[in-house]
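Chemist: Hey, can you work out the whole structure from these sequences and the hints?
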Amino acid sequence: MLQCIFLLSDSGEVMLEKQLTGHQVDRSICDWFWGQAISQGDSFKLQPVIASPTHYLFQVVREGITFLACTQVEMPPLMAIEFLCRVADVLSDYLGGLNEDVIKDNFVIVYELLDEMIDNGFPLTTEPNILREMIAQPNIVSKMLSVVTGNSSNVSETLPGATASCVPWRTSDPKYANNEVYVDLVEEMDATINRDGVLVKCEIYGEVQVNSHLSGLPDLTLSFANPSILDDVRFHPCVRFRPWESHQILSFVPPDGQFKLMSYRVKKLKSTPIYVKPQLTSDAGTCCVNVMVGIRNDPGKTIDSITIQFKLPPCILSADLTSNHGTVNILSNKIDKLDLKNLPNRPYKGFRALTRAGEFEVRS
Amino acid sequence: MFPQFGATAETLSKASSMVFRIGTDAHLYDDPEDVNIAPLLDSKFDSEKCEALKRLLALIAQGFDVSNFFPQVVKNVATQSLEVKKLVYLYLLHYAEKRPNEALLSINCFQKDLGDPNALVRAWALRAMAGIRLHVISSLVLVAVGKCARDPSVYVRKSAANALPKLYDLRLEEHTSAIEEIVGILLNDQSPGVVGAAAAAFASICPSNFSLIERNYRRLCEILPDVEEWGQIILIGILLRFVIARHGLVEESIMFSLRSTKSGESEKNGEATKISNKEDTGYASGNDDFGLGADMSGNIDLELANMVSRCYIEGPDEYLSRLSYANTGPSELNVAQFTSGKSNDDVKILLQCTSPLLWSHNSAVVLAAAGVHWIMAPRENVKKIVKPLLFLLRSSNASKYVVLCNIQVFAKAMPFLFAPHFEDFFICSSDSYQIKTLKLEILSSIVTESTISFVFKEFQDYIRDPDRRFAADTVAAIGLCSQRLPDMATTCLEGLLALTRQEFLSSDFGSVDGEAGVLIQAIMSIQSIIKQDPPSHEKVIIQLIRSLDSVKVPAARAIIIWMVGEYSSLGETIPRTLSTVLKYLAWHFTSEALETKLQILNSIVKVLLCAEGQDIQSFKRVLNYVLELAECDLNYDVRDRARFLRKILSSNLDSQGLEEETNILSLNKDLAYVLSGHIFGGQTKSSSPEPINYRFYLPGSLSQIVLHAAPGYEPLPKPCSLLRVDNVDQGTNGLERARNSDSFDTDETDSLSGSLDEEGASDYGSEHSISGSNVSAGSNETGSASEGDDNTDPLIQISDVGNAFENQHGVSHSGSADLGELISKRALESWLDDQPNSSNTSTSEQSQVRVSTARIFIGDIRHQVKTKSYTLLDPANGNGLKVDYSFSSEVSTISPHLVSVEVFFKNCSSEPMSDILLEDEESNKDSNSADQTLVATDSSLTSHNNVPILVPMEEITYLEPGQTAKRIIQVRFHHHLLPLKLALFYNGNNLPVKLRPDIGYFVKPLPINIEAFTDKESRLPGMFEYVRSCTFTNHIGELNKDKGDNLVVKDNFLVICQCLALKMLGNANLFLVSVDMPVSTNLDDASGLRLRFSSEILSNSIPCLITITVEGKCNDPLQVSVKVNCEETVFGLNLLNRVVNFLAESSLAPL
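Chains as they are written, first to last, in full-length UniProt numbering: chain A, 1 to 364; chain B, 1 to 1151.
Hints listed in this document are in silico derivations from the structure and should not be mistaken for laboratory results.
All C-beta atoms in this analysis are idealised placements derived from N, C-alpha and C, irrespective of residue type, glycine included.
Misleading hints may appear alongside valid ones.
Unchecked claim - Below 27 Å or equal to it, Euclidean Cα-Cα: the simulated DSSO-like pairs (lysine-lysine) are:
hint	chain 1	residue 1	chain 2	residue 2
1	B	Lys384	B	Lys348
2	A	Lys201	B	Lys457
3	A	Lys268	B	Lys384
4	A	Lys201	B	Lys436
5	A	Lys311	B	Lys384
6	B	Lys387	A	Lys268
To be verified - Listed below are several chain A residues computed to face chain B (Cβ distance under 7 Å; list not exhaustive):
hint	residue
7	Ala51
8	Ile229
9	Asp232
Modeler: Below is the structure:
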């Protein structure tokens, strides 16, 4: 089981430590870790499981913050990693993003959350809805209140009712004036196009995100017109397995508020909605890179916010980039960013679907 | 805050940052110490306490040690505010181990909170109490956990399950059985949330106690999908282990393949071959099921699968080490250790219940479920795990790596599983280097004839990747692919050769390290392909040799030169080119790098040894030339090699054709020739498959990622190991089960509905809540605890005493050898035989195991007791008046709350004194307020305010110089630890003095006999029992003293007993109940000596029992463990500490 969790800033400073068991871990392990990270470079930062001389370390990096967990005994590594990811999710949800300042500013909340989320190195309460009931989220109102009254308790006085119910993810008996449920279908397209311009791999990774504001204990059913195209699925714990197994129907008692109902994958798509054509011509020490982006026939929807990133080799001395649309940023590490911005879609109520680029890769 | 700004700018920036950080705790983190924390902690307002605690927390977060605030923080544990409480707990748990004594002060509050009607408060109290991890309170925690395990709130029960590992961590053996019992109760819980936590507790406490699982197996399986995700991960593992231990492996699963290969090797076993046949057919049909055509070779790498399954069961270290020692048939798994997955319900239900978990959104759950299917599912169903596993690759980068590590093993053992999904392993530029290499390795092991063209196309893209290390890996992967698919070898070779040609060009200018790596790797891949079938690749070898001129990288050159030597006699063309090549090599020898030089030497020798005909002469010349060059080389390795070669080949070289054909081959030369032939001429045998040396650990384990067994890694249990144990224990198990279920039923109804509510209603808020809850807890406990106690230590010595006496009647016994000595000592001691050999059946079988003891009686010891005296007033401070006091064993007749103290007044000055009087310091009432708050929790002593603090003593009117007067005063202390302030009047002066209490005199002797003692003791188990141990050395001086006299030889045991008893009685007002002496074979070994003392607390007549057990050699310092049984927990603990303190202090013996 986990023995300790450290939160490191992007400069290697230990912002927080939370000891979980009696076998306390000295924070010198962080010095070792950071020393290695500096000497070995980025490849070390991407290693999720590290065997240090004294401990096994699990690291998850989110927006510059390194979540480091230590153990000395055998345990499922994915459990540690998944937990750290969950901590990162909850924290960024609570604090409205993750960065060094926001964690330091709200360190008490971070401590309280960690204490609630893990006990003796074993995850305790990780369901965000319950956590939100136990520990109040810092918001403008509570901030102002605390300034005015000087009193700021963010710890709930009683146990959330959900901990006792058979649907532990649901707040006990919420009440809403107008019962609404929003379903968002967010899809990401992963595609790889090889050097010859051939589509090697194209698949959709989709999430069904639900925002539910329903009173009482509703039991919802969601069915797909053509479930057979879904290659693979993963569900929120609230989804019952049986109806899906037999009829491919999603039957569930939703948590209150925003949650990810399911994620799915559709593989082996035949075409992409846009095309990206890089052209390289070199001539006496200067090289001309020409990237052409366009919409392949009519996808039926508008496409906006296209960003193209390409990495120039380190031997390039200077680059001069222009675009006929949007802006160009040259980043220090020679990753050029070309932002094309149209007006973003206005969100509207009810059902909504949008497709984003996932890992859209064009090799050249 | 921002040192780079000026002083004025600092305030400005502070102000601006305040706007954004308003209402947060930012200022607390940035400047935790800008105010004095200590007074805030003592504040009356919760908000101020809160701020102080937050500041402390900020300091902890930043790595400062703020444990010095511990006493002040602990006081706040009694707060009503939940936020303060939470913060205090956070602080407390961080430092409890550093400050164990102060942490004890919080126990009372936890006990009170455990009875709180708010479930959150109860759960927090339990978490904090268990988290403090002190041995002293472990019994208290155990009782609390037991109580909370039956709490009506799910959350509290879950906390109880989480508290168990904390308790187990303390490694107190006497609690193990009780802890396991609670694990059993919690595993049986109705709520899935509790079961998940209980599973975690089970896994860390008693992972092999499968009887707990057996009871609930079905229910646990059914509840599995509802258990919270983290519990699922652990529970899946437990169920898997249980099924294997219970039923063995599944014969249709991949784990069975080891059986078939083994049998294939040893075909004499008829039964085994039958199975392998059956297995083969099943396998073929399984293959058809896939319906993926002929290209889907469906080939399980049998050897690898065998290896995998072996490793799962035995752990790779044992398995590999055994392999390397001898290939003697290892413990074969026999057929009985397998079960059919189709007919066995337990296996079926496990697979059924874990298969929906493959859809879980928690990747760890998916992997755990996949692991179960991998090991247990029939082979044709294993493919179920493929898609979910691949889907995991879309989650975070960190988990991607772990999943790939596991897929790698699966793919190696069963390549066809993943073969159709090769696209998922195509590399993305955002992948980290580790992920890229893993994907390459998987790709090269799952590639098939039909997919290889796609894969190669991908590889071509990868080779042009800017990361040359990755490109080199890709080249290596191409080599691996063609090894797997020999048909593709020519295609691969062409590609690789083209690559090498390309690389030559690029390596001419810009000698980048990475490029060299790619080139070396390409040539190595070519080498490995050629190795498989050298004759057909003759042209390739020639091409490579031709390119020697353009290849500049030494390592690559060395490999090509190696090929020259290795394949010198291959085919037609190569031998013809050899002389040119060798001349070329000799020509370039001096300009080569070290490794190339060595390789040239080797190759020329090889060529020479294989050569025939007229070439030999020219080769010899070349070799001689090269050797001469080499012998003058700068590098000693090259020089050594050259000398070595010259010596060993002297016969071939010296001859120079003259004697060669004619001379007599001397034996010596012949030997050298044969030897050199063996060393260099060894032609490549058709590459025997290298022994697989991978290490496999269970899927989803940490060890599989780090590739060594992490501490705590356990391979799967031995198949069917449970069956055997089960047969033996069947009867008792059943009995126990029945009994347990009985007790649960009654207990549950009692505690759930009755006791808790009752406590909450009647006791909550009243001052007696502690004692109240204790009593009720005690009554709850008696039922189950008495049963547990029977097993651990019955403390009824009757039968033992009987045994000791039976020895005399010739019953053979371990101690019989010493009988004579025992009897001879009866002159010194009077043996006490107060009980006939009563037939106590329950303890009879245990007494055989335990060392039998004899009971002795130490008479008139009380007369030797000398009480210790303390100084109240020093003559230096008191103008010559010396006041000493000692606690008297007399009991006050006025009130039970009074302690009698003997006070000795002595006039050390030269002038007489008058009007000496000791009085309660009533003038400063408020000074006690701080103490009072502390004492407030301790209800028993403060509640009787009508008793005077000090019964006034008789005034001493006149004291001559040198004269001594004695008075007895009776004092009511506020607290058994805090000193009492008194005022001493003499000669008209007023002098404040402090009278320190001695908790040893807050009790009075309770004369009872041994039966009453054991009876009372058995009623005070668990949380009313505290044990500490210390070292006792006082007896050593005593023993040595006796040696000097040598007149009366005293028994060592008796001396120790006396020392201990005197020490005890001299420091506390106790009654010596009995002394048990071990009857051991070793006269010098005092282990087992046990003294019992009884007493009752003055104020409330609650009995307080002390047992001292000695461990160690007579003449060495003894390890003494002191056990106190007392209902008044705080008092008992303090008394225990006091006893241990005075036993451990090494002052002179009070004789």
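Chemist: Run every hint past the structure and note whether it holds.
Modeler: Outcome of the hint check:
1. A C-alpha spacing of about 15 Å is found between Lys384/B and Lys348/B, which places the hinted pair at or below 27 Å, so the restraint holds.
2. Restraint check for Lys201/A and Lys457/B: the C-alpha separation of about 13 Å stays at or below 27 Å, so the hint holds.
3. Between Lys268/A and Lys384/B the CA atoms are separated by roughly 19 Å; this keeps the pair inside 27 Å, and the hint holds.
4. For the suggested pair Lys201/A and Lys436/B, the alpha carbons sit about 17 Å apart, so the restraint of at most 27 Å is met.
5. Taken as a hint, the Lys311/A and Lys384/B pair is broken in the structure, with Cα atoms around 39 Å apart against an allowance of 27 Å.
6. The hinted pair formed by Lys387/B and Lys268/A meets the criterion: a straight-line CA distance of about 14 Å does not exceed 27 Å.
7. Because the closest C-beta pair between Ala51/A and chain B is about 5 Å apart, less than 7 Å, the hint holds.
8. Checking Ile229/A against chain B by beta carbon gives a least distance of about 14 Å; that is not within 7 Å, so the hint is violated.
9. Look at Asp232/A: its Cβ gets to within about 4 Å of chain B, closer than 7 Å, so that hint holds up.
Consistency note: the structure conflicts with the earlier hints numbered 5, 8.
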